[in-house]
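Chemist: Take a look at the letters that make up each chain.
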Amino acid sequence: MGERVAFDATLYREDALQAAVDAYSEVAKIEVSQGEGSFDAEFTDVGDYDPKMIVHAFANHVLHETIARRRQAALDTDS
Amino acid sequence: MSAEEGAAQSRLGFQLGPDHISFDLDESAYPIDAVYGACYLFIDRCYVYLTRPAEGRVGVRLTAQEAASPEALDALAGEFANELLAQTLRNKLSQSTSRIREYYTAAALRAATSAPSVDDLLAELESEELLEDPLEIMVPWEEKHGDGQSSTDPDSKDG
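Protein chains in written order, with the working numbering: chain E, 1 to 79; chain Z, 1 to 159.
Mixed in with the good hints, there may be bad ones.
Said to hold, decoys possible - Partial list, computed: chain Z residues near chain E (C-beta under 10 Å): (1) Tyr30; (2) Asp33; (3) Tyr40; (4) Arg52; (5) Leu135; (6) Val139.
Claimed, not checked - With a straight-line cut-off of 16 Å between C-alpha atoms, the simulated EDC-like cross-links for lysine to aspartate or glutamate are: (7) E:Lys52 x Z:Glu136; (8) E:Lys29 x E:Asp8; (9) E:Lys52 x Z:Glu83.
To be verified - Residues from chain E shown here face chain Z by an in silico Cβ test under 10 Å; the list is partial: (10) Phe7; (11) Thr44; (12) Val46.
FYI, nobody ran anything at the bench for these hints, they're computed from the structure. Source: prediction; values computed, not measured. All residues carry an ideal CB built from backbone N, CA and C; glycine is no exception.
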């Protein structure tokens, strides 16, 4: 059983999570499943990396993608 | 990243863990855009993780990228809270002035489309009679008023 982290669906975008999974595909194997009001990511095969550090960095990446995509969506709506 | 482990209260009142600090925000006081704005500025300094502990509340957890003392974590959360206030204010100002900004942008765009070209401006300059001086601004004062004893001089007395 690897590390698990839940991303609340009202705070994180699903497409942002998928983009982060793609970005981390060479670092770890990440399985995403739909939880209750959240997207759950489970990490396996993290290699020599510290699993906790990978999870934290991954969460930052998802947050960054979420914010960037929200801003872009707001710009697209305005124009 | 689920339950708080051995959380204690920091000097500023945040929940302090071994390598992280966390706190809940009321979304009616801090809009989610402000929370995202503050998070965006902190994701290169620490690990930021958001949760939804209850409806209308956002949990923020800041984890140090390297070993950090409780004082350093407290300072980090304090800075985050300050940035959150700044982002909230910026957000409110942005909303309250959006109509004015839209108006000025539209006016500027309208003016830009009807602005004369450089050629038009040069032609206008050439057509002007620059040597006309109806107010005699270019006439020296002495020439205009003689030797300085003009008839309108209140100090001058005839005879």
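Chemist: Which of the listed hints are not met by the structure?
Modeler: Going through the list in order, the structure violates hints 1, 5, 6, 7, 8, 9, 11, 12 and respects the others.
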